[in-house]
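Asker: Sequence:
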Amino acid sequence: MLDRIWAQDASLWSSDPAEQRQITSRLGWLDAPGRTLTGLPEIEAFADEVRKAGFRRVVLLGMGGSSLAPEVIQRVFGPRKGYPSLIVLDSTDPDQIRAVRRSLPLKKTLFLVSSKSGTTIEVLSLFKFFFDKVRAYAGAKAGGQFAAITDPGTPLQALAQGHGFRRLFLAPPDVGGRFSALTVFGMVPAALIGADARGMLESAARMSRECRAQAPSNPGLSLGLEMAERTLEGRDKLTLAAAGPLDAYADWIEQLIAESTGKNGKGILPVTREGAAAKKSHGTDRFVLPLRLKKPSDLGAEFFKWEFAAAAACAKMGVNAFDQPDVQDAKNRCKALLANAQGGGRLPVPPDEAGALKDVWPSMKKGDYVALLAFLPDAAPIRRRLCGLADRIRRRTRRAVTIGIGPRYLHSTGQLHKGGPDSGVFLLLSAPKRRPLEIPGEPYDFARLELAQAAGDYQALKEKRRRALWLPLEEFSLKALDSRCREILNSLP
Numbered sequence: 001m002l003d004r005i006w007a008q009d010a011s012l013w014s015s016d017p018a019e020q021r022q023i024t025s026r027l028g029w030l031d032a033p034g035r036t037l038t039g040l041p042e043i044e045a046f047a048d049e050v051r052k053a054g055f056r057r058v059v060l061l062g063m064g065g066s067s068l069a070p071e072v073i074q075r076v077f078g079p080r081k082g083y084p085s086l087i088v089l090d091s092t093d094p095d096q097i098r099a100v101r102r103s104l105p106l107k108k109t110l111f112l113v114s115s116k117s118g119t120t121i122e123v124l125s126l127f128k129f130f131f132d133k134v135r136a137y138a139g140a141k142a143g144g145q146f147a148a149i150t151d152p153g154t155p156l157q158a159l160a161q162g163h164g165f166r167r168l169f170l171a172p173p174d175v176g177g178r179f180s181a182l183t184v185f186g187m188v189p190a191a192l193i194g195a196d197a198r199g200m201l202e203s204a205a206r207m208s209r210e211c212r213a214q215a216p217s218n219p220g221l222s223l224g225l226e227m228a229e230r231t232l233e234g235r236d237k238l239t240l241a242a243a244g245p246l247d248a249y250a251d252w253i254e255q256l257i258a259e260s261t262g263k264n265g266k267g268i269l270p271v272t273r274e275g276a277a278a279k280k281s282h283g284t285d286r287f288v289l290p291l292r293l294k295k296p297s298d299l300g301a302e303f304f305k306w307e308f309a310a311a312a313a314c315a316k317m318g319v320n321a322f323d324q325p326d327v328q329d330a331k332n333r334c335k336a337l338l339a340n341a342q343g344g345g346r347l348p349v350p351p352d353e354a355g356a357l358k359d360v361w362p363s364m365k366k367g368d369y370v371a372l373l374a375f376l377p378d379a380a381p382i383r384r385r386l387c388g389l390a391d392r393i394r395r396r397t398r399r400a401v402t403i404g405i406g407p408r409y410l411h412s413t414g415q416l417h418k419g420g421p422d423s424g425v426f427l428l429l430s431a432p433k434r435r436p437l438e439i440p441g442e443p444y445d446f447a448r449l450e451l452a453q454a455a456g457d458y459q460a461l462k463e464k465r466r467r468a469l470w471l472p473l474e475e476f477s478l479k480a481l482d483s484r485c486r487e488i489l490n491s492l493p
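Here the sequence shown is numbered in this note's numbering, starting from 1 and rising by one per residue.
If you are wondering where the hints come from, they were derived from the structure by calculation, not from laboratory data. Remember, it's a predicted structure, so these values are computed and weren't measured experimentally. All C-beta atoms in this analysis are idealised placements derived from N, C-alpha and C, irrespective of residue type, glycine included. Do not take every clue at face value.
[Stated by the list, open to error] Below are the DSBU-like pairs computed for lysine-lysine, each with C-alpha atoms no more than 30 Å apart in a straight line: (1) Lys52 x Lys108; (2) Lys81 x Lys108; (3) Lys316 x Lys358; (4) Lys279 x Lys295; (5) Lys335 x Lys464; (6) Lys133 x Lys335; (7) Lys365 x Lys266; (8) Lys133 x Lys81; (9) Lys365 x Lys294; (10) Lys464 x Lys266; (11) Lys358 x Lys433; (12) Lys365 x Lys279; (13) Lys266 x Lys366; (14) Lys335 x Lys365; (15) Lys464 x Lys358; (16) Lys366 x Lys479; (17) Lys108 x Lys133; (18) Lys81 x Lys107; (19) Lys316 x Lys266; (20) Lys141 x Lys128; (21) Lys280 x Lys358; (22) Lys52 x Lys107; (23) Lys279 x Lys316; (24) Lys128 x Lys108; (25) Lys266 x Lys335; (26) Lys128 x Lys433.
[Stated by the list, open to error] Across the chosen pairs, the derived CB separations fall in these ranges: (27) Arg206 x Ser477: 48 to 56 Å; (28) Pro351 x Lys141: 45 to 53 Å; (29) Leu106 x Glu49: 18 to 26 Å; (30) Pro152 x Gly343: 31 to 39 Å; (31) Gly345 x Ala99: 28 to 36 Å; (32) Gly39 x Gln161: 14 to 22 Å; (33) Glu49 x Pro436: 32 to 40 Å.
Using the sequences and the hints given, assemble the complete structure.
Answerer: In structure tokens, the structure reads:
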């Protein structure tokens, strides 16, 4: 296996010729550390330019692989004096977007628009919103507060050039989104906030050399084979034990592993953000891996190790590590719902399926799990309530419980939910929005976009005959969320 990975032998992951061609175009992550190091002076020069221009904030508009790695880097390295701080915005929730807007010194903010495909609906919608705000006072010079990262030839490249962006970085097209941490998608945000991008890339290059050895001396291969072997034994719930800043590191791993492995009825379910006491209610389907860093720059080595491990695990499990068909399906459903609404139709009204809760729990078998899917702001009071609910469900059912914030999870665990084993119970939480938030140039607003995303995922889950219940809140308030949480808990046997 090792020689075939380094030889970029696509047949390791699929016997289908069309899939092999797609895989061959996605193996550039293997030499990404060296390639990015070569281009690092340009990145560092841009970071120096931004700092000297007096920018105090960088807001990254991204989703999935474009946003999760920068968030890890920001949490691990923390703020550096004299450099702007980073906010990662990967939500279509109107209240979360408003909260970010209110927090910004707008004239001292650089917006980094990050999308591999250059067509990501969330990213382009957020761009339209913030560009409109900046253009209101900057006029034709508004592009000076924007930079972009995308693949060559995408609509985002054309948009950046047409709007006079301060800088455009073109990413290597042979690296997929969730494998892109060590490309410009991760290193440009890192340099902008004064993190040690060079140190991360050098540590990644060292790990790349270590990953040419045979197991057990090969950290990436050993980890990948361990994950695959335990999964094939029935221990398919990977519990990532992390604390503090490393919670964000666990979120990055969650996307990498869930989206890579969750296909053909197979998959590894990462479980994150559990307290130490949760181990008492673990079932026999768990295995636990602690996450540690000796120093921040080791994060680069960890990025490469886990990417290699994901590729090796998928090869052992017999799945294509480099596609995400069910993620695209949910995107297509969202777009179809919006198009139907624009043509005179209506978006679906969320059904209240709380009455079916009492029937879903008895259906759970050994090895099943519960996924809480919340299309709500990713705010601390909401997170605390969801974590409390997850903890109580886990203790009562002795099943793994995960939390996904929409639409972020659609680009992460969403692939596993629909393409992986039929072992999940999905509780989708949403709330009516108090005030609309317009998307300039679009016939729908952020609330309608978010609703279409939730409805598209719900439809996709139902199409796959998954056990999915939509549990909308009566209103957007913590009181309404508390009430719904109690209702869920009271339904448990």
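Asker: Taking the hints in turn, state whether each one holds.
Answerer: Now for the hints, and whether the structure bears them out:
no., hint, verdict
1, Lys52 x Lys108, "12 Å, holds"
2, Lys81 x Lys108, "16 Å, holds"
3, Lys316 x Lys358, "39 Å, violated"
4, Lys279 x Lys295, "27 Å, holds"
5, Lys335 x Lys464, "19 Å, holds"
6, Lys133 x Lys335, "25 Å, holds"
7, Lys365 x Lys266, "17 Å, holds"
8, Lys133 x Lys81, "28 Å, holds"
9, Lys365 x Lys294, "40 Å, violated"
10, Lys464 x Lys266, "14 Å, holds"
11, Lys358 x Lys433, "28 Å, holds"
12, Lys365 x Lys279, "20 Å, holds"
13, Lys266 x Lys366, "16 Å, holds"
14, Lys335 x Lys365, "35 Å, violated"
15, Lys464 x Lys358, "22 Å, holds"
16, Lys366 x Lys479, "34 Å, violated"
17, Lys108 x Lys133, "13 Å, holds"
18, Lys81 x Lys107, "20 Å, holds"
19, Lys316 x Lys266, "12 Å, holds"
20, Lys141 x Lys128, "15 Å, holds"
21, Lys280 x Lys358, "25 Å, holds"
22, Lys52 x Lys107, "14 Å, holds"
23, Lys279 x Lys316, "28 Å, holds"
24, Lys128 x Lys108, "18 Å, holds"
25, Lys266 x Lys335, "28 Å, holds"
26, Lys128 x Lys433, "20 Å, holds"
27, Arg206 x Ser477: 48 to 56 Å, "50 Å, holds"
28, Pro351 x Lys141: 45 to 53 Å, "48 Å, holds"
29, Leu106 x Glu49: 18 to 26 Å, "20 Å, holds"
30, Pro152 x Gly343: 31 to 39 Å, "34 Å, holds"
31, Gly345 x Ala99: 28 to 36 Å, "31 Å, holds"
32, Gly39 x Gln161: 14 to 22 Å, "19 Å, holds"
33, Glu49 x Pro436: 32 to 40 Å, "37 Å, holds"
Comparing the model with each numbered hint stated earlier shows that hints 3, 9, 14, 16 do not hold.
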